[in-house]
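With the hints as constraints, model all of the structure from the sequences given.
Quick mapping for you: the protein sequence lines, in order, are chains G and Z. Counting in the UniProt record's numbering, the first sequence tops out at residue 349, every number present. Counting in the UniProt record's numbering, the second sequence tops out at residue 349, every number present.
Because the hints were derived from the structure by calculation, they are not lab data. Each residue gets a CB set at the ideal place from its N, CA and C atoms; glycine is no exception. Some hints here could point you the wrong way.
[Said to hold, decoys possible] For lysine to aspartate or glutamate, the following EDC-like pairs were computed, each having C-alpha atoms within a straight-line distance of at most 20 angstroms: (1) 10(Z) with 29(Z); (2) 75(Z) with 136(Z); (3) 75(Z) with 316(G); (4) 238(G) with 346(Z); (5) 75(Z) with 317(G); (6) 238(Z) with 74(G); (7) 238(G) with 74(G); (8) 238(G) with 316(Z).
[Stated by the list, open to error] Here chain G is said to cover these stretches of chain Z; the calculated rule only asks that three of the stretch's residues, wherever they fall, bring their Cβ under 8 angstroms from a Cβ of chain G: (9) 44 to 58; (10) 89 to 103; (11) 239 to 250; (12) 272 to 284; (13) 295 to 301.
2 protein chains.
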Amino acid sequence: MRTMARPTLKDIAARAGVSVSTVSYALNEQSTMPLSDATKATIRRIAREIGYVPNGLARSLQARSSQTIGFLLDKPVSTPRYAAIVQGMISGLAERGFSLSLLNKAPASQWVDAVRGYRLDGLVFIGHDDHEVPTELAEPVAEHGIPFVALDCGAYEEERPYSTVDFDYGTGVEIVLAELERRGIRIVYYVRPELVSRSERIRERAVIDGLSRRPHMALRVVNTGITTERLRDFDTHKEDMASYPVELAQRVERTLREDGADPSVTALVCSWGADVEPVFSTARRRDDRFTIGSLAAGILSPALWPNLVYSRLPLDEAGRECARLIVAETESPDAHEHLLLPPALDAAS
Amino acid sequence: MRTMARPTLKDIAARAGVSVSTVSYALNEQSTMPLSDATKATIRRIAREIGYVPNGLARSLQARSSQTIGFLLDKPVSTPRYAAIVQGMISGLAERGFSLSLLNKAPASQWVDAVRGYRLDGLVFIGHDDHEVPTELAEPVAEHGIPFVALDCGAYEEERPYSTVDFDYGTGVEIVLAELERRGIRIVYYVRPELVSRSERIRERAVIDGLSRRPHMALRVVNTGITTERLRDFDTHKEDMASYPVELAQRVERTLREDGADPSVTALVCSWGADVEPVFSTARRRDDRFTIGSLAAGILSPALWPNLVYSRLPLDEAGRECARLIVAETESPDAHEHLLLPPALDAAS
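Given below as structure tokens:
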């Protein structure tokens, strides 16, 4: 282990001609030991001059707090929507004097122990596709009263012993359908994975409900070919993940060709943001009047492409709320809140 | 401060009928205190049964290491190319038993003190546009021998008292020009900011050198309107940053209209990855045969759009190398390495 040149309390004591404990009292703002203002000032000046830095770990040990929150990811942080969430969380935590540690690919129990051993003050967990918090995390969190926030885990149906932040996917669907109706769309191709996930079910129901109230708009379903099994295998079969967008583009191309859909009244609405680019590239190649919708934004910008209609998740806000809630959780064991954040429309007016 | 139910050494001692120091010796793998194997086994079993977790901060204090590396960002982590770097760094650090703490919007001196006070083991700094490491960071790093790695700071011209990881932008330009030549391109619109930065100068020189060796390919320069001053003001004028892509699209549209360029032999090559989408959207609207090049990738995928020709920076590799180098820096004060990573071609074949 490398050692840095680092002045100690002893060095200050020698220069000031006082004892090490006097130096310690003088540098500790909380100390109640009576010392003359002159002595304190001299000691603090010497500390500054020789570049003394207090031992942060010793201070953390005293406070039983590392002022650090762990963020548990079960997919790479390079997953597009994660970055905005992480940025919101960093900003929200920095305002409260906390840092963010990114943790992944580890058994969850390790990070529970890190909180119980004071190396982390709390954990924020982000699920995907609205899956529940895994049992190996939920159980010790409840048992030990670990400060914990679950993001996008669909935990808003019942009370939990931690805070939750979720997205109101149903409202997001309604926003997109209303905009498509305003634009005179009469056929909606619903491009969706065959996943058994809570958020997919919510979106499916909202699409069907929304179109049942709009009988002049017809529904066609396009399966993307993603199943729960295939999605799980993506982690081990990177080549399948890489070829999937091209495969989806071909599926959509086939459907549009066979149907001969009228591009001026047809919208392709993606349940997944990641599907927007393949669907968009295919539709544009056929005809640039097709409208492309997304229930979870996408990487292309509606400011540049007027035929994009997005429901955009409030990712930065979600990150900031996680920061606020996890800090509240560290301060009070009963601070649980359950937030449901509505998406917003993002489309050229 | 919330307190968790947490068994202590005392609880174990009471159950085992031994002293607290015996428990401490038994649970410390490094302890040389002679204890019978039976006593050790009993104490460890009780510790497991009552869910004892060692105080991680106390262990860190003893080791003078938090096993945490700080990543200093001077732009939001949601900047697209940062996410892949962060992911590479998390993976590389996890393999070595370290975590990553994301730090930004703070005076750099605060994080230098965090390393000197053992709350962080080292710092990785990512610049932007190949700018130097700021003096307020470079000086204390050199003075105190702080474990430090600078990424994309263009520090490879002379020896530094820390490790550096940089991208070989010149090679990236040559890769793109060679591919454009192969595709029969005869006019290259070079879309570039008017920035005074080292990486811009390297790319400019490489474009001019590369085209001087290809006299059948003509160069046209399109300024994007980004200057050093304007880029700095983006932080405070979010609305200017939001309108910039639309403004760039209009500039490109005007140039293409006035020039009447032949789309089948014309490429628009962006110096910045962020400029690809506005340039692409404009060119496609005019004619979908235009070729779009990028010297720093972009968010659109060449697998879906055959007329995209990218030089792609090895971001994941850069993150992994930073992880390897910063851990080496914490182990040895003379472990400095200086890496120059070459980009790769990303284009449909």
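Where does the structure disagree with the numbered hints, that is, which hint numbers, in rising order? 6
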